[in-house]
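There are 2 protein chains.
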Amino acid sequence: MKTHLECIPCFIKQSLEAARMATDNEKIHEMVLKEVMSHLQGISFEDSPPELSREVHAIIKRITKSNDPYKQAKDESNIMGKNLYSRLEKHVKDDKDSLLMAIKLAIAGNVIDFGTMNRLNVNEVIDNALKRDFDVSSYPRFKKVLDQSKNILYLADNTGEIFFDKLLLKELVNIGKEITYVVKANPIINDALLEDAKFAGIDKLATIMAYDAGHDKSTPGTVMHYASEEFLDRFKVDDMVIAKGQGNYEGLSDVDREVFFLLVVKCHLVAQDIDTKVGKLVLKVNK
Amino acid sequence: MKTHLECIPCFIKQSLEAARMATDNEKIHEMVLKEVMSHLQGISFEDSPPELSREVHAIIKRITKSNDPYKQAKDESNIMGKNLYSRLEKHVKDDKDSLLMAIKLAIAGNVIDFGTMNRLNVNEVIDNALKRDFDVSSYPRFKKVLDQSKNILYLADNTGEIFFDKLLLKELVNIGKEITYVVKANPIINDALLEDAKFAGIDKLATIMAYDAGHDKSTPGTVMHYASEEFLDRFKVDDMVIAKGQGNYEGLSDVDREVFFLLVVKCHLVAQDIDTKVGKLVLKVNK
Chain E
1 MKTHLECIPC FIKQSLEAAR MATDNEKIHE MVLKEVMSHL QGISFEDSPP
51 ELSREVHAII KRITKSNDPY KQAKDESNIM GKNLYSRLEK HVKDDKDSLL
101 MAIKLAIAGN VIDFGTMNRL NVNEVIDNAL KRDFDVSSYP RFKKVLDQSK
151 NILYLADNTG EIFFDKLLLK ELVNIGKEIT YVVKANPIIN DALLEDAKFA
201 GIDKLATIMA YDAGHDKSTP GTVMHYASEE FLDRFKVDDM VIAKGQGNYE
251 GLSDVDREVF FLLVVKCHLV AQDIDTKVGK LVLKVNK
Chain H
1 MKTHLECIPC FIKQSLEAAR MATDNEKIHE MVLKEVMSHL QGISFEDSPP
51 ELSREVHAII KRITKSNDPY KQAKDESNIM GKNLYSRLEK HVKDDKDSLL
101 MAIKLAIAGN VIDFGTMNRL NVNEVIDNAL KRDFDVSSYP RFKKVLDQSK
151 NILYLADNTG EIFFDKLLLK ELVNIGKEIT YVVKANPIIN DALLEDAKFA
201 GIDKLATIMA YDAGHDKSTP GTVMHYASEE FLDRFKVDDM VIAKGQGNYE
251 GLSDVDREVF FLLVVKCHLV AQDIDTKVGK LVLKVNK
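As they're listed, the protein sequences go chains E and H. Sequential numbering of the first sequence, starting at 1, is according to the numbering used here. Sequential numbering of the second sequence, starting at 1, is according to the numbering used here.
With the rest of the complex left out, here is chain E (with noise of 0.2 angstroms):
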């Protein structure tokens, strides 16, 4: 996907998000708009988001002298997603389809924004999520190239939302399934880390790999040119890929493969691509 227009007010706030976390001086939080914008008014709009959002955060990690600015937020995630996990797990269990629920919940998990809200809220935003309207369109397709898959390469996407990425492996495990779980090597926003997965204990279930993008390359999403060699020859060789959250739909939505995407739609531009609505919860395959 290409940057649109709409995408820089909504770089400039997270910039200022992202500055706040890292540190409460005010001067430095002015500091790191402008910047942001002095740096916007030379870019490219063919780059993708993730991309320029490589470069916004570069310059929040380097005004503000914070690598990681997102890091309390994201422990906070994933103590809550590991609290929540039993819980998550008996849904899966009393499943007719747990395949089916474990995707389910594998999505939801991207739309839960763990950082903003308290426990019992996660609860009641689970059992919503689960209401709400699914498009799993493409699970008759997932389901197919699932059977003829042994390696499965996994895309993940934040911290907390992981714990909710367990389960759907532990079911593909459970069939027989080899899986590569890939998360950054370095701080992005608010994705996922080495140490994260091994929090949750995906290192018991997968091989974990990091998308090493080099020094201030890290990309909330995946950024093909970024990649590493060992990267791109999983991304060629595996029998099945799945991507997880925005990021990732935005990098890899144009890519030469079929990719299986779960993720909650949080921007209309990206609605507008995938064709649904903000808010939609989506099973969506690129070919």
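Just so you know, the hints here were simulated from the structure itself, not pulled from any lab data. A few of these clues could be false.
Any copy, or any two copies together, can satisfy a pair, since identical chains are not distinguished.
Taking lysine-lysine and the DSBU-like style, the derived pairs with C-alpha atoms no more than 30 angstroms apart in a straight line are [claimed, not checked]: (1) Lys-34 to Lys-2; (2) Lys-280 to Lys-266; (3) Lys-2 to Lys-27; (4) Lys-287 to Lys-170; (5) Lys-96 to Lys-277; (6) Lys-277 to Lys-27; (7) Lys-13 to Lys-90.
Assemble chain H onto chain E, guided by the hints.
For chain H alone, kept in the frame of chain E given last:
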């Protein structure tokens, strides 16, 4: 009210909206965004939002070569307001406290973004607005000051909304008040102009004054140091001042005279300043 860092992404979002109303040329939209970002890097946060909004919209007008980007949206709002008027008037007549109902409707008129909804929706929105929780704790003070007042200065906000003002103006005229209704002399966003007040027939109820801040100095909301001698004189000597909308609140909340604000709270910074919540319909006195 001072400008906050959160106002920055909001200004940029509005710039894109205004540029799109002025032209379909995407290159010009991009030019507008970039020039606005360039300008915002040099602003002082001591200035109030309406003052900075003036600067931003002057850039938009210059680059799009449109002196009135919201013209079509404004005209549509007026037509919608006009079509609703008799129904609104019935609400006032049927209520046992017709003054309070007229005040509530004048506030409700500020909730509706006419440009974005069809006629059926507007009826629904008004019904919902009337069911909503008004903060009219300043109503006793409003009535007391009204009883002691002969001349009232009434600062208008948007087109369409002016038909809701008309209901309140009628109530005030019926009890013998003399009103000066202040609109903008030059186009700024969707604020009402002289021609709009005439379209609504308000010139038959009140003396219309155009708040003339000079060329390219039109502000959404009143900024005292741009105001004419004539306006400042009336602001000082009139017995009572009623001001509509957030822009007037932002510009006048700190001013050294009693002002009655009728507004819908649309931004959490204003909500914080008033000590209320976003979405609240408020009659508020600044003293």
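Comparing the hints with the structure gives:
1. For a Cα distance limit of 30 angstroms, the shortest separation of Lys-34 from Lys-2 qualifies both inside one copy, at 24 angstroms, and across copies, at 18 angstroms.
2. Taking the shortest Cα distances, Lys-280 and Lys-266 sit within 30 angstroms of each other both inside one copy (8 angstroms) and across copies (26 angstroms).
3. In this assembly of identical chains, the alpha carbons of Lys-2 and Lys-27 lie at most 30 angstroms apart only when taken from different copies (16 angstroms versus 33 angstroms within one copy).
4. For the identical chains of this complex, Lys-287 and Lys-170 are intra-copy neighbours only, at 26 angstroms inside a copy versus 63 angstroms across copies, given an alpha-carbon limit of 30 angstroms.
5. In the homo-oligomer, the alpha carbons of Lys-96 and Lys-277 lie at most 30 angstroms apart inside one protomer (28 angstroms), although the nearest pairing across protomers, at 44 angstroms, exceeds that limit.
6. When the C-alpha separation of Lys-277 and Lys-27 is checked against a cutoff of 30 angstroms, the pair qualifies only between copies, where the shortest distance is 27 angstroms, while the shortest distance within a copy is 38 angstroms.
7. Taking the closest pair of Cα atoms, Lys-13 and Lys-90 never come within 30 angstroms of each other, the shortest separation being 38 angstroms inside a single copy and 44 angstroms across copies.
Consistency with the previously given hints fails for number 7 only.
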